[in-house]
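Novice: Could you build the full structure based on these sequences and the hints that come with them?
Line by line, the protein sequences are chains A and B.
Read left to right, the first sequence gives residues 1 to 329 (my numbering).
Read left to right, the second sequence gives residues 1 to 259 (my numbering).
Hints in this document: simulated from the structure, not taken from any laboratory.
Idealized CB from N, CA, C, for every residue including glycine.
Keep in mind that the hints are not guaranteed to be accurate.
Derived DSS-like pairs (lysine-lysine); straight-line CA-CA distance at most 25 Å [to be verified]:
| no. | chain 1 | residue 1 | chain 2 | residue 2 |
| --- | --- | --- | --- | --- |
| 1 | A | 131 | B | 92 |
| 2 | A | 75 | B | 92 |
| 3 | B | 171 | A | 131 |
| 4 | A | 67 | B | 20 |
| 5 | B | 92 | A | 107 |
Label pairs and their in silico Cβ distance ranges [claimed, not checked]:
| no. | chain 1 | residue 1 | chain 2 | residue 2 | range |
| --- | --- | --- | --- | --- | --- |
| 6 | A | 118 | B | 16 | 18 to 28 Å |
| 7 | B | 4 | A | 66 | 19 to 29 Å |
| 8 | A | 25 | B | 250 | 40 to 50 Å |
| 9 | B | 241 | A | 107 | 21 to 31 Å |
| 10 | A | 114 | B | 38 | 55 to 65 Å |
| 11 | A | 13 | B | 169 | 44 to 54 Å |
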Amino acid sequence: MIDVQNVKKAFNEVNAIDGVSLHVPKGQVKALLGPNGAGKTTLVRIMTTLLRPDEGSVEIAGFNALKEQEELRTKIGLAGQYAAVDENLTGYENLYMFSRLYHLPRKEAEARAANLLEEFHLQEAADRPAKTYSGGMRRRLDLAASLIAEPPVIFLDEPTTGLDPAARRDLWDIIRSLVDKGTTILLTTQYLEEADQLADSIAVLNKGKIIAEGTADELKAASGGNVLEVTLKNEADVESARSILSKIGGQGLQEDREQLHFTVPIEGNANSLVEVVRSFDASGIGIVDIQLRRPTLDDVFLALTGSSAESLAEEQVPTGKTMGKKSQH
Amino acid sequence: MKHLVTLLRAFFSDTWQIAKRNLIRYRRSPRLLFFSTVQPIMFVLLFAYVFGGAINVPGMSYIDYLIPAIIVQTVLFGAGNTAIGIAEDLKKGVIDRFRSLPMSNAAVLAGRTFADSLRNVFVMAIMIGVGYAVGFRIQTSVGEALLAVVFALLFGFAVMWVMALIGLAVKESETAQMASFVFMFPLTFASSAFVPIETMPSALKWFAEHSPVTYEIDVLRGLFVTGNYMDSIWWALVWIVGILIVFFPLSVRMFRKLS
Chain A
1 MIDVQNVKKA
11 FNEVNAIDGV
21 SLHVPKGQVK
31 ALLGPNGAGK
41 TTLVRIMTTL
51 LRPDEGSVEI
61 AGFNALKEQE
71 ELRTKIGLAG
81 QYAAVDENLT
91 GYENLYMFSR
101 LYHLPRKEAE
111 ARAANLLEEF
121 HLQEAADRPA
131 KTYSGGMRRR
141 LDLAASLIAE
151 PPVIFLDEPT
161 TGLDPAARRD
171 LWDIIRSLVD
181 KGTTILLTTQ
191 YLEEADQLAD
201 SIAVLNKGKI
211 IAEGTADELK
221 AASGGNVLEV
231 TLKNEADVES
241 ARSILSKIGG
251 QGLQEDREQL
261 HFTVPIEGNA
271 NSLVEVVRSF
281 DASGIGIVDI
291 QLRRPTLDDV
301 FLALTGSSAE
311 SLAEEQVPTG
321 KTMGKKSQH
Chain B
1 MKHLVTLLRA
11 FFSDTWQIAK
21 RNLIRYRRSP
31 RLLFFSTVQP
41 IMFVLLFAYV
51 FGGAINVPGM
61 SYIDYLIPAI
71 IVQTVLFGAG
81 NTAIGIAEDL
91 KKGVIDRFRS
101 LPMSNAAVLA
111 GRTFADSLRN
121 VFVMAIMIGV
131 GYAVGFRIQT
141 SVGEALLAVV
151 FALLFGFAVM
161 WVMALIGLAV
171 KESETAQMAS
181 FVFMFPLTFA
191 SSAFVPIETM
201 PSALKWFAEH
211 SPVTYEIDVL
221 RGLFVTGNYM
231 DSIWWALVWI
241 VGILIVFFPL
251 SVRMFRKLS
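Specialist: Here's what the structure looks like:
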């Protein structure tokens with residue numbers, strides 16, 4: 001349903017998208033994972049005809065994004081950070097207007113707006129201007145607007161960024177119900193957990209390139225499975241702690257000497273934790289804190305690129321969004 | 001042929017939907033409408049009472065001379081709102097959503113200019129009312145007065161397309177506001193709006209004589225007051241049509257090429 005071949009896009013001679021190919025089969029969910037400024041939004045804008053690529057081809061639902069824009073637009077829905085609803089209109093007015101702009105007849109538009117409000121639990125706020133909505137409600141309205149034409153392909157650009165955990169889970173449920181209906185979805189996110197929860201497969205985007213692709217488990221395996229964090233009691237133990245950790249842990253041991261803090265990817269499960277604790281105990285190394293946790297996007301990045309997602313985001317190239325403003329409602 | 005009819009129907013329907021959304025905005029924020037009328041009213045009162053005693057214009061009272069000019073000035077300055085509104089929509093991402101829909105591209109701009117023209121009808125009604133309160137009198141026929149209103153609306157509509165292009169180009173509402181002012185202040189003052197052109201130095205006089213603002217104001221004065229408008233009406237029309245022919249396609253093209 002989504003077929004992107006070797007797409008390139010430069011802004012002011014900086015490559016924002018540098019040769020990306022993506023393929024999403026019908027009914028699948030693909031997550032595009034990457035830090036701020038990795039090029040996620042630019043790529044979504046290219047796939048939804050808002051931005052022309054310099055090179056490469058894009059085909060969505062059988063239509064060419066460069067030549068058959070009108071037809072393509074009837075097959076897609078776009079929701080997320082940058083494609084907004086009208087704040088001055090009520091929820092109902094927004095959905096009615098967008099329905100009419102999809103050229104539904106008047107009666108049908110009225111019915112569609114009412115149905116969507118109900119489906120997205122917005123009936124009570126139906127007659128309030130959207131600017132009075134909470135962040136979660138606004139995203140739901142936004143998502144509802146993108147579903148008016150029941151498009152077979154949906155693009156969700158950071159659908160949950162800036163939402164509280166409850167609103168996020170709410171939105172995840174809605175996205176899952178779309179998947180159940182057989183919709184093909186491409187979603188961008190900064191959170192590995194979100195990609196993990198929703199996607200069949202994940203493509204990791206960094207500096208305009210896809211640097212890894214696979215299921216969440218495969219990506220975590222690439223970063224060495226779980227992550228062990230230890231904080232020592234005494235500075236004198238740093239050397240011996242390091243040698244124990246590098247023996248048990250995988251590649252990519254990180255240490256913060258001042259905080260006496262070590263982070264290391266670890267292949268195994270709780271057994272490795274026990275092993276570390278035993279070895280530390282045997283060598284008489286005191287521990288303030290020790291924990292085994294699942295890898296975050298940052299850990300995956302560290303394993304894939306050797307530098308953290310945060311430091312990558314800081315040196316990022318310009319993105320393709322129209323304006324600088326980032327709505328964090 | 002059938003294709004063309006479908007396209008046109010879609011264009012008008014889309015335009016109406018966008019216009020409606022912009023009108024709802026005025027209804028929901030009455031302050032916006034209030035302040036867009038306060039400014040012209042202020043101008044009427046200031047010019048009438050501050051300059052009215054000092055400036056003599058041959059053949060008519062200063063207030064009759066002034067009101068047609070302030071109407072033109074108001075539609076000219078009011079067009080700046082078109083640039084600001086479009087820049088705001090761009091920033092908030094609403095335009096991105098419109099562009100992802102299978103709707104007419106031109107309709108997003110046409111809906112905006114249409115709604116802003118309806119706002120002009122409202123503002124003009126109030127101004128003529130205030131004008132009457134301070135001594136302005138229409139001295140021609142109802143038909144001529146109505147034609148004057150139509151000319152003012154058309155001129156405002158044409159300038160809005162210039163402003164649409166500015167809004168799309170600068171993409172920031174503050175910048176759009178500044179840009180429209182830079183463009184409009186000299187146009188308004190270097191015209192027959194507030195003082196007779198004859199008093200200006202020669203280069204300025206030449207500019208003012210050929211300015212679209214002067215032609216529109218002269219037509220409005222003729223249609224409202226003196227009955228003498230045949231000299232300027234065709235040039236006034238040429239300017240309106242000319243601006244539209246150039247800026248309508250430019251704006252729509254710019255909208256299509258947004259990135």
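Novice: Are residue 4 of chain B and residue 66 of chain A spaced within 19 to 29 Å by their CB atoms?
Specialist: 25 Å Cβ-Cβ, so the 19 to 29 Å window holds.
Novice: If you draw a straight line from the CA of residue 92 of chain B to the CA of residue 107 of chain A, is it 25 Å or shorter?
Specialist: It is violated: about 29 Å lies between the C-alpha atoms, which goes past 25 Å.
Novice: Assuming the hint says 18 to 28 Å, is it satisfied by the Cβ distance from residue 118 of chain A to residue 16 of chain B or not?
Specialist: holds, 27 Å
Novice: For the pair supplied as a hint, residue 171 of chain B and residue 131 of chain A, is the alpha-carbon distance within the 25 Å limit?
Specialist: holds, 22 Å
Novice: Would the hint linking residue 131 of chain A and residue 92 of chain B be met if the CA-CA limit is 25 Å?
Specialist: holds, 12 Å
Novice: Do residue 241 of chain B and residue 107 of chain A keep their Cβ atoms within the hinted range of 21 to 31 Å?
Specialist: violated, 40 Å
Novice: Between the beta carbons of residue 114 of chain A and residue 38 of chain B, is the distance compatible with 55 to 65 Å?
Specialist: violated, 40 Å
Novice: Is the straight-line distance between the alpha-carbon of residue 67 of chain A and that of residue 20 of chain B 25 Å or less?
Specialist: violated, 31 Å
Novice: CA of residue 75 of chain A to CA of residue 92 of chain B, is that 25 Å or under?
Specialist: Holds, at about 24 Å.
Novice: Does the beta carbon distance between residue 13 of chain A and residue 169 of chain B stay inside 44 to 54 Å, or does it fall outside?
Specialist: violated, 21 Å
Novice: The hint says 40 to 50 Å between residue 25 of chain A and residue 250 of chain B; measuring C-beta to C-beta, is that right?
Specialist: holds, 43 Å
Violation of the numbered hints given earlier is confined to hints 4, 5, 9, 10, 11; the remaining hints are satisfied by the structure.
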